[in-house]
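In this text, residue positions in the sequence shown follow my numbering: the first is 1, and each later residue adds one.
Source of the hints: derived by calculation from the structure; they are not laboratory data.
Quantities reported herein were computed from a predicted structural model and do not represent experimental measurements.
C-beta: ideal position from N, C-alpha, C; glycine also.
A few of these clues could be false.
[Claimed, not checked] Below, in silico cross-link-like pairs of lysine to aspartate or glutamate (EDC-like), each with a Cα-Cα straight-line distance of 20 Å or less: (1) K279 - D334; (2) K145 - D9; (3) K315 - E414; (4) K262 - D219; (5) K395 - E479; (6) K364 - D334; (7) K261 - E333; (8) K292 - D302; (9) K389 - E414; (10) K315 - E333.
[As the list claims (entries may be wrong)] Beta-carbon label-pair distances, calculated as ranges: (11) S471 - E321: 51 to 61 Å; (12) N168 - E127: 38 to 48 Å; (13) D355 - E268: 16 to 26 Å; (14) L107 - S156: 50 to 60 Å; (15) L175 - P343: 48 to 58 Å.
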Amino acid sequence: VKGALKVSDAAIIVVCAASGIEVGTEKAYKYAEDKPKMFFINKMDRENADFDGVVESLREMYGPSVVPIEVPIGKEANFKGLVDVISHKAYEYSKDGYKEIPVPAELEDSVKNYFTMLSESVAESDEELLMKYLEGEELTPEEVKKGLRDSIKGGSLVPVLAGSSINNIGGVSVLDAVVNLLPSPADNAVSGTNKAGEKIEVNVNDGNLSALVFKTISDPFVGTINLFKVYSGTLSSDSSVYNATKDKSEKIGQLFYISGKKNIPTKEVKAGDIGGVAKLQATTTNDNLTTKDNPVLIDKIDFPRPSISMAVEPKAKGDEEKIGSGLQRLTDEDPTFTVERVPETNEMLISGLGDQHLEIICSKLKNKFGAEVTLKDPTVPYRETIRKKVSVEGKHKKQSGGRGQYGHVWVEFEPIVDSDERFIFDERVFGGAVPRQYFPAVEKGLRECIEKGVLAGFPVVHLKATLYDGSYHDVDSSEMAFKIAASLAFKKGMKEASPVLLEPIMNVEVLIPDSYMGDIIGDLNKKRGRIMGMDPQKGGLQLVKAQVPLAEMFRYAIDLRSMTQGRGSFTMEESHYEEVPAMIAEKIMKEREDMTKDEE
1 VKGALKVSDA AIIVVCAASG IEVGTEKAYK YAEDKPKMFF INKMDRENAD FDGVVESLRE
61 MYGPSVVPIE VPIGKEANFK GLVDVISHKA YEYSKDGYKE IPVPAELEDS VKNYFTMLSE
121 SVAESDEELL MKYLEGEELT PEEVKKGLRD SIKGGSLVPV LAGSSINNIG GVSVLDAVVN
181 LLPSPADNAV SGTNKAGEKI EVNVNDGNLS ALVFKTISDP FVGTINLFKV YSGTLSSDSS
241 VYNATKDKSE KIGQLFYISG KKNIPTKEVK AGDIGGVAKL QATTTNDNLT TKDNPVLIDK
301 IDFPRPSISM AVEPKAKGDE EKIGSGLQRL TDEDPTFTVE RVPETNEMLI SGLGDQHLEI
361 ICSKLKNKFG AEVTLKDPTV PYRETIRKKV SVEGKHKKQS GGRGQYGHVW VEFEPIVDSD
421 ERFIFDERVF GGAVPRQYFP AVEKGLRECI EKGVLAGFPV VHLKATLYDG SYHDVDSSEM
481 AFKIAASLAF KKGMKEASPV LLEPIMNVEV LIPDSYMGDI IGDLNKKRGR IMGMDPQKGG
541 LQLVKAQVPL AEMFRYAIDL RSMTQGRGSF TMEESHYEEV PAMIAEKIMK EREDMTKDEE
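Could you put the whole structure together from the sequences, leaning on the hints where they help?
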């Protein structure tokens with residue numbers, strides 16, 4: 001929706017005549033806030049269809065700018081036509097088309113009432129019309145129509161139409177309204193940036209080419225198809241263009257218009273039009289196609305950031321390569337979807353806007369690329385650290401038939417509290433108790449050990465190790481012996497230094513309607529969250545800021561949707577690590593122990 005709205009000149013928001021305003025209506029209106037728009041009340045033939053009730057609720061929610069320009073004739077099973085409020089003409093629909101009929105007497109008052117509303121709204125947008133209206137003169141249909149177009153473009157009026165798409169009633173008048181009332185690309189300028197980095201307005205009359213790719217489709221047979229809108233100039237088949245976003249030249253092959261599943265070849269796509277092109281080398285969604293001499297960059301589409309991550313596992317062995325390449329192709333297609341491999345947990349994580357989004361990605365992966373996967377919660381990247389300072393001995397002594405092994409160290413372990421350094425190695429050995437050539441071996445042994453802590457095998461952080469004493473043997477000492485001695489000291493020292501588990505804490509921002517505040521705060525508290533603040537937003541929304549452990553957030557997209565009927569959204573990013581409460585830490589250690597036994 002965000003991608004399509006960027007390249008659209010206006011929006012039609014479809015509302016069900018029986019259900020009225022739903023979550024989808026609210027979201028669509030919010031997304032199209034800065035666009036000219038109109039409502040289409042569909043399903044007028046349905047049981048419980050209530051045109052006046054839906055109009056009233058739209059006006060309550062979005063204000064007096066919402067005004068019908070059509071009134072339905074009949075309702076539910078008896079819905080048979082429409083009255084045009086502006087021209088005061090009625091049309092009855094049948095399978096053979098539609099015919100003009102007299103305006104039904106019972107609708108006269110309603111039509112006059114809506115015409116007065118329209119006249120009021122239109123008069124406010126034009127000084128001349130306002131004077132005429134205030135002097136008590138009735139505006140003509142032509143004056144209302146002209147003022148209506150200006151009012152819709154300025155956002156001060158949102159017309160309402162009605163119909164039943166399944167019975168093909170109202171479709172023609174919707175298309176007429178698009179042509180006659182909504183702005184064309186020539187009426188709309190968009191903001192961009194020129195070669196000098198200055199903000200400029202781009203319109204269809206500018207001769208220089210500027211086009212924005214707003215959607216990418218990965219087809220296993222055709223390859224990549226890019227859909228773009230030309231904002232100025234002309235894009236021609238078999239030409240060369242400059243991708244200003246990637247700083248690369250692209251060879252344009254055959255251009256086409258897209259009509260459903262058909263691609264209609266064309267020699268050129270002119271300013272204001274949307275077209276497609278296949279097999280570009282470097283171009284993806286949000287890239288600007290322009291000229292190298294005079295590049296014009298259209299402002300990018302502001303896509304939402306992923307809010308849920310899941311780990312993927314192949315259903316069949318040997319599918320890893322197919323899954324990897326398929327997911328990579330799908331990231332080209334969808335800017336709100338990301339893939340990353342986490343070396344620490346050896347998991348492939350996919351991230352998207354919700355659980356349904358990730359399920360759709362998995363079904364695309366199966367249908368397009370023939371690879372099946374299962375989704376599971378990712379492994380939380382816990383860490384381990386110590387709470388107190390200890391000094392320990394590590395001694396490795398082995399005598400066999402030939403040359404022996406001898407390494408002996410005393411190491412002081414302490415927590416790092418004044419910086420974010422993961423590991424610091426230091427030495428203060430006096431009198432050559434441990435020869436200098438073995439220091440790197442001791443450090444290497446410790447660096448290898450910190451990858452697996454003693455509590456549950458998680459990486460160790462914020463640890464300072466100081467080699468301060470030890471001994472060596474002229475013949476039997478070696479780098480390997482000192483490396484082993486260092487690892488023995490590490491295991492012993494970690495156990496004695498009050499080791500603790502740390503968990504990642506996330507900065508979470510939840511945007512919700514005011515009425516859900518209590519539920520959301522209560523739920524975040526249950527998730528061991530700390531509420532950091534609340535910021536009232538426009539439109540009766542609240543932004544709740546909190547810090548919550550990552551372990552509690554994997555299913556939050558699902559929880560939030562059920563608590564707010566889909567009206568809430570959230571973002572999160574990593575903040576810092578904190579100690580895991582003792583009871584939860586015990587549970588994590590037990591799970592890791594069981595997992596290690598199963599692997600063995």
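field: Violations among the numbered hints, reported as their numbers in ascending order
entry: 3, 8, 10, 13, 14
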